[in-house]
Amino acid sequence: MQVPAQFEYRRATSVQDAVALLARYGSESRVVAGGHSLIPMMKLRLAQPELLVDINDLAELGGVRVVDGELRLGALLRHAELLACAEAGERVPVLHDAERVIADPAVRNRGTVGGSVCQADPSEDLSAAFCALRAVAVVRGTDGHEREVPMRAFFRGPYETAVGPAELLVELRVSLWSTGSAYVKVDRRSGDWAVAAAAAALRLEPDGTVADVGIGLTAVGARGFVAAEAEDDLRGRAAGVDAFARAGRLAAAHCAPVADQRGPVDYKRHLAGELTVRALARAADRTGVPWR
Amino acid sequence: MEVTLTVNGREHTREIEPRLLLVHLLRDDLGLTGTHWGCDTSNCGACVVWMDELPVKSCTVLAAMAGGRRVRTVEGLEGPSGLDPVQTSFIACHGLQCGFCTPAMLMTARWLLDHDPDPSEDDIREAVSGVTCRCTGYENIVRAIRHAAAGGSP
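Residue numbers (full-length UniProt numbering), protein chains in the order written: chain S, 1 to 292; chain H, 1 to 154.
Read the hints as simulated data drawn from the structure, not as lab findings.
These numbers come from a predicted model, not from an experiment.
Where a beta carbon is used, it is the ideal one built from N, C-alpha and C, also for glycine.
Errors might be hidden in some of the hints.
[To be verified] Stretch-level coverage of chain S by chain H, calculated; a stretch enters the list once three of its residues show a Cβ under 8 Å from a Cβ in chain H: (1) 3-10; (2) 52-65; (3) 101-109; (4) 129-143.
[Said to hold, decoys possible] Residues from chain H that face chain S, not an exhaustive set, calculated with beta carbons under 10 Å: (5) PRO18; (6) LEU30; (7) THR60.
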């Protein structure tokens, strides 16, 4: 029987209240939303917070909407709610691709978008998608002050983010610059963590030139979940099999997978390259611009 | 701390430790042992119950987090006119062998059919993908849920 260590439980009544509680307890406090990352870690005593701040009552942190040309996702948006949002799937299909392969429906009913990125697991799916999209995290602190953190600067390392001990992630903002995007994952069984996965977001000129591109990689040790060298090489080229293959080779060359029970290094590196190519091709298909 | 929650339409108040998991509150404090406790890691899904009308894995929900919310377990599935059609269908189609996953399968199936009265086989397999069955190979479970969708007569 797995039982977490003792802790104090408080249910936040507002974002301000949550942040005040976090400030009082400092690094000994943790936020719980869906709890599907944190509670298992607490059961294994990998996490032993003294205070758990439950933010599930904070309706202001929920919902997904398009405002000012941006998709805005509340930190407490459940995975199932994002999947149910047709507009998000249409405008930013990489998010629906990624959501469909996160755990299983019951977990997605509970787990949240904000919780997933704040957990900062190196194998997490949405992190690569948000980095490919160059999304921005909105973080609120004790005085109600909000600051914006680009997702590419959000992850400080495994299980570490830019969110301070007395701050709360409140929203993720996705600028709608991409006209096609996709997420492709290889896993060992339904709902498992990725062996490797790639996210691609593309904006193509009518003649097929890559006007802009974002490539995210999951579970292969890519710095900040991003394949920056591949992006730089592809930008300005004509979208096509050769250009995407080059990007795949660069993505594979510049990631740093580690061997574990999900596979050896060379296999994961191969997947990083191949999945980059497939994600780019699917994203390009979705732009509606002829390419190849 | 004190927690008050509604389970199968009845309100319960209990004094609990904040670290108590919902599955243990249901089984040990309320005696509702129909909800099973399996892997303890939110993988196997044997502990699926509804919370505020959504299937969730109760081994990964703190009882404290269920305070003020509505929980429905397999004990709350039977209606005034008898067993739910998913229950009669699991009997009719041999949708279980050892029975360990069955309460979770039933709660998952009921939710699916409430939201999609005519699911395809793929829809059913996706819906139950978070609940592990080691006996049936899922064939009879899928058949049972299709049977329930078609009316569930024995």
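Sort out which numbered hints this structure fails and list those numbers smallest first.
4, 6
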